[in-house]
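Participant: With the hints as constraints, model all of the structure from the sequences given.
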Amino acid sequence: MEHLISCKGLTKTYGKTQALQDVNLEIPAGGGIVGLLGPNGSGKTTLIKILTGLLQPTAGQARVCGCEIGVETKAVVSYLSDFYSLNEGYTVREELDYYSDFFTDFDRLKAETMLRDLGIASTSKVKTLSKGTKEKLALILTLSRNARLYIFDEPIAGVDPAAREYVLETILSNRSENSTILLSTHLISEIEQYFDHVIFLRQGRVVLDGPAQKVREEHGKSIDALFREVFKWIY
Amino acid sequence: MDLLNDTFFVDTPTTSPLPEEDYRQNGKLKNVRGRILKKLLKYEFKYYLKPMLIALAALFAVATILCVLGCFLTAEDIGGTGEALRVLFWAFSLLLFVFGSLFVMLFPFILAHKRYKKQFFTAEGYLTLSIPASAQEHILAKRIAAYVMASVASVLVSIALLLSLIPIFLLAANGALGTMQPIQVDLNVGDVIYSLLQSLIWPLLFLALEGGYLCWEHRGLKKWMVALLVAGIYILSMFANIFFGSLFFELSPEVLDLIYEIGKWVLLAVEMGALYLLFLYETKTLQKKINLK
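Residue numbers (the numbering used here), protein chains in the order written: chain D, 909 to 1143; chain S, 9 to 301.
Hints may contain errors.
[Claimed, not checked] Chain D regions said to be covered by chain S (calculated; three or more residues, Cβ under 8 Å):
hint, region
1, 1005 to 1014
2, 1073 to 1083
[Said to hold, decoys possible] Under the rule of at most 30 Å between Cα atoms (straight-line distance), these lysine-lysine pairs were calculated in the DSS-like manner:
hint, chain 1, residue 1, chain 2, residue 2
3, S, K46, S, K126
4, D, K1140, S, K292
5, D, K1039, S, K272
6, D, K1018, S, K296
7, S, K292, D, K1039
8, D, K924, S, K46
[To be verified] Taking CB as the label site, the calculated pair distances span:
hint, chain 1, residue 1, chain 2, residue 2, range
9, D, G949, S, I152, 38 to 44 Å
10, S, L57, D, A967, 41 to 47 Å
11, D, G1027, S, V160, 37 to 43 Å
12, D, T919, S, D199, 55 to 61 Å
13, S, V197, D, K1018, 56 to 62 Å
These are calculated hints, taken from the structure and not from any lab test. No residue lacks a Cβ here, since even glycine has one placed at the ideal position from N, Cα and C.
Facilitator: This is the structure we're talking about:
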């Protein structure tokens, strides 16, 4: 069976610090929201960076859509970092041009519709936008790609509760069909109901990996409660 | 409950074909790859366009003012006690203009370095490095654009300097500066090609500093080591040229010429090779070592 994401013996060290230790994962294709859960420093961002080709593993192998991570996988992965990275010197329209040029799966019409709905003028300079508007713009650009895999690194960590709801709704209602969302967070209660699959990371190791419903049934508690139990010694 | 060993595996079937296969079957991926460098270059040149146009327009405006001012101040019918002072003022302005011109010549490198840092070392790097382009394509696009802009700036700065010096040429034409002998240069095709290739080196050396910076930032090599290595090879090659030339000074002029000819091409190849090695090392560092904060 082909997997959308597969990791075998994935290890990443920074000097003497082991960020990831022998991570083995298999996430199937075909839709769903995968929660990558763990406290700060558990290796979530490192794993995401490896999957997006921004970091090379020290050992082991990661594949997306059966391909080794590289230029080809970048063409099918839509990634939103926790920095909401944008070309600050561009106007909103130029930002759309940039995405249209480099991502063949970018749906410009969809992006323009979403921007219009939010009242973001295409002539505005990105650097003049407020932090919240920049976050929305980055989110729109990421979701306007008809990608196979969307990766969101802590999309709701730095935003207020009202904005969290907007971010989650936008993600859920605008992703392309049959796509998979890998979403890292430590704010589980806000999003638990949407998870189809959960992965718990602790000190660079996968401590739990399975369908959300199965996890709830087997442990007789919510993902949030289980998370608190697993990580209670860390805090 | 031992969650460390409590692992579930999902048996949901794959529901759709792999997108890469789609791309490959339709030849889309190949087309996309072919155009990536072109697209990267488009955005690189776009970045330089506005600031360079402003800098060059300002330079030409000042050159024109200096030219008109110079023609006026050095005209024969202008005399009086303040003449020397006016000419001195013009000459001083010209000197400042030369320094300004040098800055405009270096401006593309400043812009190049600024962009390099912004795109690979700041949050913008998350977007830059997420686009489906290889490290080689990223670096190559930046080098080509910076090099072309530096070359264009050099040519235009030279023209602006010539424009500002028109009054001096007019004085010379009127015989005010004495009789000037025409300069005769005996050049062959080989010399021209060699000079052109040799002139490629210095801007590339400057751009190599970025490579050194990247390697240092990502623990590939110590700060500036790569750039110093290349610069060192370049400087050593010049000394070697002189040294080996002097060793054979007792030989006949024909043999000396031959040694010199071979030597200069070998050294040029060494310089180019060093720059190529730097390019390889830099792209490998970008690909393997980068870790955006």
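Participant: All the hints need checking, so say for each whether the structure fits it.
Facilitator: Each hint tested on the structure:
Counting residues of the region 1005 to 1014 of chain D whose C-beta sits closer than 8 Å to any C-beta of chain S gives 5, which meets the bar of three, so the coverage hint holds. Counting residues of the region 1073 to 1083 of chain D whose beta carbon lies closer than 8 Å to any beta carbon of chain S gives 0, which falls below the threshold of three, so the coverage claim is violated. Distance hint between S:K46 and S:K126 is fulfilled; the C-alpha atoms sit about 21 Å from each other, no more than 30 Å. For the proposed pair D:K1140 and S:K292, the alpha carbon gap of about 41 Å is over 30 Å, so the pair is violated.
With a C-alpha separation of about 57 Å, the suggested pairing of D:K1039 with S:K272 is violated against the 30 Å cut-off. Taken as a hint, the D:K1018 and S:K296 pair is broken in the structure, with Cα atoms around 35 Å apart against an allowance of 30 Å. With a C-alpha separation of about 34 Å, the suggested pairing of S:K292 with D:K1039 is violated against the 30 Å cut-off. Of the pairs offered as hints, the one joining D:K924 and S:K46 is violated, with about 41 Å between alpha carbons and a cut-off of 30 Å exceeded.
Checking the proposed 38 to 44 Å range against D:G949 and S:I152 shows it holds: the Cβ atoms sit about 41 Å from each other. The beta-carbon spacing between S:L57 and D:A967, approximately 45 Å, falls within the hinted interval of 41 to 47 Å. In this structure the hint that D:G1027 and S:V160 lie 37 to 43 Å apart at CB holds, the actual value being about 41 Å. For D:T919 paired with S:D199, a C-beta distance near 56 Å keeps the hint of 55 to 61 Å intact.
Range check, S:V197 to D:K1018: about 57 Å between beta-carbon atoms, so the 56 to 62 Å window is met.
Checked against the numbered hints given earlier, the structure breaks hints 2, 4, 5, 6, 7, 8 and satisfies all the rest.
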